[in-house]
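Asks: Listed below are the residues making up each chain.
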Amino acid sequence: MKMIHSLFLINCSGDIFLEKHWKSVVSQSVCDYFFEAQEKAIDVENVPPVISTPHHYLISIYRDKIFFVSVIQTEVPPLFVIEFLHRVADTFQDYFGECSETAIKDNVVIVYELLEEMLDNGFPLATESNILKELIKPPTILRSVVNSITGSSNVGDTLPTGQLSNIPWRRAGVKYTNNEAYFDVIEEIDAIIDKSGSTVFAEIQGVIDSCIKLSGMPDLSLSFMNPRLLDDVSFHPCIRFKRWESERVLSFIPPDGNFRLISYRVSSQNLVAIPVYVKHLISFKENSSSGRFDVTIGPKQNMGKTVEGVVMTVHMPKAVLNMNLTATQGSYTFDPVTKVLAWDVGKITPQKLPNLKGIVNLQSGAPKPEENPSLNIQFKIQQLAISGLKVNRLDMYGEKYKPFKGVKYITKAGKFQVRT
Amino acid sequence: MTDSKYFTTTKKGEIFELKAELNSDKKEKKKEAVKKVIASMTVGKDVSALFPDVVNCMQTDNLELKKLVYLYLMNYAKSQPDMAIMAVNTFVKDCEDPNPLIRALAVRTMGCIRVDKITEYLCEPLRKCLKDEDPYVRKTAAVCVAKLHDINAQLVEDQGFLDTLKDLISDSNPMVVANAVAALSEIAESHPSSNLLDLNPQSINKLLTALNECTEWGQIFILDCLANYMPKDDREAQSICERVTPRLSHANSAVVLSAVKVLMKFMEMLSKDLDYYGTLLKKLAPPLVTLLSAEPELQYVALRNINLIVQKRPEILKHEMKVFFVKYNDPIYVKLEKLDIMIRLASQANIAQVLAELKEYATEVDVDFVRKAVRAIGRCAIKVEQSAERCVSTLLDLIQTKVNYVVQEAIVVIKDIFRKYPNKYESVIATLCENLDSLDEPEARAAMIWIVGEYAERIDNADELLESFLEGFHDESTQVQLQLLTAIVKLFLKKPTETQELVQQVLSLATQDSDNPDLRDRGYIYWRLLSTDPVAAKEVVLAEKPLISEETDLIEPTLLDELICYIGTLASVYHKPPSAFVEGSRGVVHKSLPPRTGSSESAESPDAAPSAGQAAEQPAVIPAQGDLLGDLLNLDLGPPVSGPPLAASSVQMGAVDLLGGGLDSLMGDESEGLRSDVGGSPAMGGSGFTAPGPAAPAAMGAPLGSGLGDLFDLTGGVGTLSGSYVAPKTVWLPAMKAKGLEISGTFSRQVGSICMDLVLTNKALQVMSDFAIQFNRNSFGLAPAAPLQVHAPLAPNQSVEISLPLNTVGSVMKMDPLNNLQVAVKNNIDVFYFSTLYPLHILFVEDGKMERQMFLATWKDIPNENEAQFQIKDCSLNADAVSSKLQGSNIFTIAKRNVEGQDMLYQSLKLTNGIWVLAELRIQPSNPSFTLSLKCRAPEVSQYVYQAYDAILKN
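In order, the protein sequences belong to chains A and B.
Counting from 1, one number per residue, gives the positions in the first sequence under this note's numbering.
Counting from 1, one number per residue, gives the positions in the second sequence under this note's numbering.
Quick caveat, the hints were computed from the structure, so don't treat them as lab data.
The reader is advised that the hints may include incorrect statements.
[To be verified] Straight-line distance between alpha carbons at most 27 angstroms, and here's what the computed DSS-like set of lysine-lysine pairs gives:
#, chain 1, residue 1, chain 2, residue 2
1, A, Lys242, A, Lys390
2, B, Lys282, B, Lys272
3, A, Lys137, B, Lys327
4, A, Lys390, B, Lys402
5, B, Lys402, A, Lys339
6, B, Lys359, A, Lys285
7, B, Lys318, A, Lys318
8, A, Lys40, B, Lys576
9, A, Lys242, A, Lys300
10, A, Lys23, B, Lys128
11, B, Lys45, A, Lys23
12, A, Lys380, B, Lys282
13, B, Lys282, A, Lys242
14, B, Lys19, A, Lys105
15, B, Lys282, A, Lys23
16, A, Lys279, A, Lys339
17, A, Lys285, A, Lys339
18, B, Lys359, A, Lys195
19, A, Lys137, B, Lys35
20, A, Lys242, A, Lys405
21, A, Lys213, A, Lys23
22, B, Lys327, A, Lys339
23, A, Lys415, B, Lys35
24, A, Lys285, B, Lys206
25, B, Lys318, A, Lys415
26, B, Lys128, A, Lys40
27, B, Lys29, A, Lys105
28, B, Lys814, A, Lys368
29, A, Lys65, B, Lys131
30, A, Lys347, A, Lys357
31, B, Lys29, A, Lys242
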């Protein structure tokens with residue numbers, strides 16, 4: 001059959017805590033192949049997403065400490081399956097506020113109803129959250145109390161309006177007293193900085209997340225000051241592609257509520273500004289069981305904005321026993337089991353640069369570590385899109401009222417690594 | 001209040017308790033009980049014993065309860081078929097419900113109950129739902145047809161559901177179209193031959209329209225379906241591409257990759273000079289790069305596909321090297337894939353960056369990744385010549401780290417670098433030798449031994465080094481043993497005086513004390529060589545080795561082309577065609593890229609494909625070749641470096657043997673003599689194939705034709721210089737079936753001689769040589785008049801055009817169809833068989849014009865039952881044009897009459913074996929259909945003569 005035969009949800013300790021079969025029951029023993037691969041991978045993140053077994057294929061994702069393992073019997077597009085599994089996880093998140101084993105167990109009947117609604121014989125049926133919410137109402141404390149008193153149910157009994165229209169993402173008859181449209185332009189910098197401080201690779205992954213609470217059927221146009229920046233874009237299906245191609249304007253009838261309008265990439269070919277620099281000295285002495293650690297973080301190219309929420313994490317080599325450091329700012333922890341050093345720096349003030357330095361204690365007798373650890377940096381800059389992207393204006397057609405509009409910018413570190 | 005309460009159990013026995021609750025009078029209690037049952041089901045508990053009690057709850061107005069019961073039913077109906085029948089009535093009733101949600105739910109659930117008895121009841125409701133007024137119900141019903149087909153295919157066909165499904169492709173609602181396509185594609189998978197998805201420009205247009213409006217999942221189904229379509233020309237391909245490219249900006253990565261597949265496939269048809277081609281190339285890069293910023297699982301699949309794409313069209317991503325740089329917290333499976341692609345993209349322009357990165361990776365923690373990074377450095381050296389020196393010095397730096405596995409990997413790759421650039425980097429040997437003791441992996445030991453043997457003359461203590469390995473000879477792995485044997489023999493040949501004892505020792509170890517037949521064989525071969533003719537031994541063992549190239553780790557072009565058609569599927573992740581691994585792939589169809597247009601063949605290609613397939617099927621009667629050849633090659637178990645001359649000669653001998661054996665089955669007992677001839681001298685293979693002497697022809701005309709022909713030689717045809725009609729070349733032997741050799745060809749006749757015009761294309765990665773050809777006996781005794789002359793060996797990706805003269809003096813055997821020709825082609829790799837149909841007009845001789853009187857007499861003489869009538873449709877030529885066109889192919893017009901506005905042409909032709917065919921061709925000026933009446937003493941040829949007429953007139 002097409003696509004997914006069965007789905008198993010497995011927690012980190014290897015318990016199968018939910019199974020759903022769309023065709024016939026496949027024995028749990030099929031998961032043994034998965035456990036085998038998991039054992040081999042040591043780290044949970046390293047379990048390969050496609051595993052072949054004598055009679056099935058297992059395609060899995062790892063989200064929020066849960067493995068979603070699907071069982072496949074014939075040739076299918078794996079991306080199809082992976083995308084779908086992520087959509088399942090998103091839906092759980094959306095319904096229960098978190099995608100966790102407890103949340104799923106607490107709502108097992110809804111989970112089952114959802115899975116049945118999302119997939120029919122391997123064909124995705126309804127995956128849009130607003131359609132699902134009309135079919136199966138999300139649990140709220142109030143509703144479950146009401147339901148248990150009145151005996152009414154949380155399953156909708158009419159056909160969702162969006163299901164078949166040309167705009168399946170929006171339901172009809174939306175009504176708000178306050179009409180609002182908010183856009184968050186969020187940019188993440190992925191970068192690799194080499195020992196000497198020069199940029200090996202850098203790019204910006206941007207998204208515009210929207211929260212739109214508008215009555216009726218609003219038709220929106222969002223334009224930018226510098227749309228040229230957006231040459232590699234992925235759109236929410238609501239966006240009219242032709243209009244973008246010809247006028248570089250995002251024109252769409254929005255879904256109701258929160259959704260991701262576009263995601264985009266500004267590649268390394270355009271110069272990507274790097275907002276922080278790191279000075280580091282990490283060395284291990286030959287034949288002595290100690291080493292030095294000295295790291296300073298400073299701001300650069302941040303267009304007058306403050307760099308805040310700075311956190312540095314370092315996976316120290318296995319031979320490191322302990323670290324005795326002093327931080328001029330913020331606090332640090334070192335976990336001797338996982339060998340992870342985490343330094344919560346906070347805000348960077350250019351006048352007094354944060355510094356962390358001290359002694360590294362190595363296992364005595366162990367050889368000097370070969371590898372130098374990479375520094376993983378997180379930070380945030382409010383009110384700045386580092387690519388320079390700026391929203392020009394938002395127009396609304398099709399409805400009479402005047403909505404409240406807002407745009408927020410934020411830049412964050414994505415996979416930001418400094419090699420030492 | 002959470003559902004976790006449903007998991008609590010009492011000591012009394014869960015099932016017992018639930019049963020009581022399910023039969024409660026209170027609605028609310030019932031529902032709670034069903035929820036408990038479902039909860040148990042989710043964790044894999046068997047609650048099938050409650051079946052009758054749960055089914056009892058089915059008849060309810062409460063939709064949630066109904067859904068829950070349905071959920072339960074789907075899980076357990078199969079194990080309780082008799083009970084499941086109880087549910088049928090409710091289903092049928094629900095299919096009539098005024099609420100479309102309930103109708104759809106009922107038909108959907110019914111389809112999921114895989115019980116034969118239920119399916120019978122499903123047909124009527126399903127038929128109604130397929131025509132339901134509500135599109136939600138129709139789209140659900142479409143999927144249900146696929147479900148039902150999986151349970152009972154015959155039933156679906158008998159009930160005519162397939163046609164209804166096909167009609168839904170034209171539905172007004174795009175979601176219904178998408179589901180119909182999905183259902184049809186799925187059904188078609190189990191019926192590869194059926195023409196379910198009959199794609200034509202109209203239906204394609206409908207699909208493209210629906211593509212813009214349906215859900216993301218529907219888009220994937222439609223795109224995958226589009227990818228199977230073969231556009232009729234480059235313009236159509238371009239217009240489809242234009243309408244598919246917007247999908248590249250979709251947020252769903254599966255949509256993007258399916259769109260990439262369609263574009264990669266149809267691009268094949270576009271001319272590279274086209275502006276649009278360049279635009280398309282540019283458009284493909286960003287979405288592929290974007291896939292790499294997705295979740296790691298998506299990245300992995302994307303990377304496996306990008307690996308194929310960069311091999312097929314490196315230009316797409318050549319400027320995007322940096323996005324493949326590895327981040328330290330990438331999952332290992334992503335790291336390894338990125339590394340592989342980095343090497344594929346490495347070029348002189350970016351090699352410095354790549355090397356710096358690789359060196360960085362070689363100091364990481366993960367052992368597998370470090371090893372692969374070191375290998376990658378070696379591959380760079382081989383791929384980019386200018387960088388070789390830098391790579392070698394990087395490798396030496398890494399060896400200095402003394403990290404055991406790094407050193408071993410480095411030595412393995414340095415050996416390859418030596419093979420690529422001989423006599424260039426030998427200065428590093430001393431450094432390598434220092435690390436001899438730390439090598440504990442067989443591959444590294446074997447590599448080091450190879451280096452010592454190969455450069456024995458420059459290593460002062462080579463004998464000591466090799467001797468040290470010899471001490472533990474029997475504990476070594478086969479790979480090391482073989483390598484050691486060869487290395488010591490090399491050493492002996494280079495420094496015979498000091499090493500006599502050593503070579504004696506290794507030969508006796510290999511031949512007397514070893515149980516390994518490969519090792520013994522190789523030992524004996526060396527021994528005999530050395531003892532009989534040391535000079536020859538030197539030539540064989542120390543022969544110059546072919547250089548290795550980076551192509552060794554590329555995917556074979558034919559396989560690559562096939563995999564490009566499977567972008568986005570499991571096949572693309574495993575880099576194997578689906579036929580190789582998908583279980584129960586019932587007759588997987590091989591997909592191939594469309595041929596590039598612009599050349600004259602383009603229009604023919606869609607037609608060519610089935611005929612090639614047909615041709616390929618026919619030789620199936622010939623028993624499949626064993627892997628004899630493969631076994632011979634494997635004899636050399638060590639790295640391919642040692643003793644290639646040995647391997648090569650055994651291949652040749654093997655090939656000839658095989659050809660002999662294969663021909664036996666083709667030729668019957670006649671080839672007995674032939675076989676022994678050929679076996680002796682491989683080089684003579686070609687000449688050995690020519691047909692046995694000209695003794696046969698005298699006998700062969702007799703049974704078919706009459707003596708008539710010879711009497712009329714005098715009339716003599718006018719020398720037709722224009723030559724007869726030549727059909728465009730078609731693929732006779734696809735590369736996939738012939739280890740990379742592709743043969744396409746056609747037949748021609750010019751000034752009395754018949755030629756087989758062939759194009760041989762080498763789509764494999766190795767050079768092909770030693771070509772020879774032979775025909776099986778056939779209806780008209782066609783045989784090669786000369787050996788197949790391919791002057792130079794055929795390099796990979798090279799083609800050669802050959803015109804092979806044919807005569808008709810070969811032995812005769814009546815074939816079915818009459819014009820079937822079975823051909824065997826041999827090269828240094830193997831023997832391949834294919835069959836093809838030749839057009840009969842190549843056998844029409846130049847002296848085929850009959851005297852008028854004779855014609856009349858013969859026409860009357862031949863009995864009427866020998867007359868056959870055919871229609872030649874859609875031909876707009878007038879009588880004169882027809883007659884001159886036919887004359888070009890030796891069909892001669894003897895007389896022309898005009899009867900009641902119709903032109904009547906009377907024509908004659910003669911076949912090489914003397915059979916006369918007389919024809920009357922009726923042409924009405926207003927009617928594009930001609931009527932052809934043929935009379936012949938051997939009426940079985942008529943049909944083929946008609947085909948020849950048809951082909952000549954339509955071209």
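Asks: For each hint, tell me whether it holds in the structure or not.
Replies: Evaluation of the provided hints:
no.: 1; hint: A/Lys242 / A/Lys390; verdict: 22 angstroms, holds
no.: 2; hint: B/Lys282 / B/Lys272; verdict: 13 angstroms, holds
no.: 3; hint: A/Lys137 / B/Lys327; verdict: 41 angstroms, violated
no.: 4; hint: A/Lys390 / B/Lys402; verdict: 53 angstroms, violated
no.: 5; hint: B/Lys402 / A/Lys339; verdict: 25 angstroms, holds
no.: 6; hint: B/Lys359 / A/Lys285; verdict: 22 angstroms, holds
no.: 7; hint: B/Lys318 / A/Lys318; verdict: 38 angstroms, violated
no.: 8; hint: A/Lys40 / B/Lys576; verdict: 24 angstroms, holds
no.: 9; hint: A/Lys242 / A/Lys300; verdict: 40 angstroms, violated
no.: 10; hint: A/Lys23 / B/Lys128; verdict: 24 angstroms, holds
no.: 11; hint: B/Lys45 / A/Lys23; verdict: 17 angstroms, holds
no.: 12; hint: A/Lys380 / B/Lys282; verdict: 34 angstroms, violated
no.: 13; hint: B/Lys282 / A/Lys242; verdict: 19 angstroms, holds
no.: 14; hint: B/Lys19 / A/Lys105; verdict: 23 angstroms, holds
no.: 15; hint: B/Lys282 / A/Lys23; verdict: 43 angstroms, violated
no.: 16; hint: A/Lys279 / A/Lys339; verdict: 21 angstroms, holds
no.: 17; hint: A/Lys285 / A/Lys339; verdict: 19 angstroms, holds
no.: 18; hint: B/Lys359 / A/Lys195; verdict: 13 angstroms, holds
no.: 19; hint: A/Lys137 / B/Lys35; verdict: 16 angstroms, holds
no.: 20; hint: A/Lys242 / A/Lys405; verdict: 25 angstroms, holds
no.: 21; hint: A/Lys213 / A/Lys23; verdict: 39 angstroms, violated
no.: 22; hint: B/Lys327 / A/Lys339; verdict: 19 angstroms, holds
no.: 23; hint: A/Lys415 / B/Lys35; verdict: 44 angstroms, violated
no.: 24; hint: A/Lys285 / B/Lys206; verdict: 71 angstroms, violated
no.: 25; hint: B/Lys318 / A/Lys415; verdict: 23 angstroms, holds
no.: 26; hint: B/Lys128 / A/Lys40; verdict: 53 angstroms, violated
no.: 27; hint: B/Lys29 / A/Lys105; verdict: 21 angstroms, holds
no.: 28; hint: B/Lys814 / A/Lys368; verdict: 83 angstroms, violated
no.: 29; hint: A/Lys65 / B/Lys131; verdict: 46 angstroms, violated
no.: 30; hint: A/Lys347 / A/Lys357; verdict: 18 angstroms, holds
no.: 31; hint: B/Lys29 / A/Lys242; verdict: 55 angstroms, violated
Comparing the model with each earlier hint shows violations of hints 3, 4, 7, 9, 12, 15, 21, 23, 24, 26, 28, 29 and 31; every other hint is respected.
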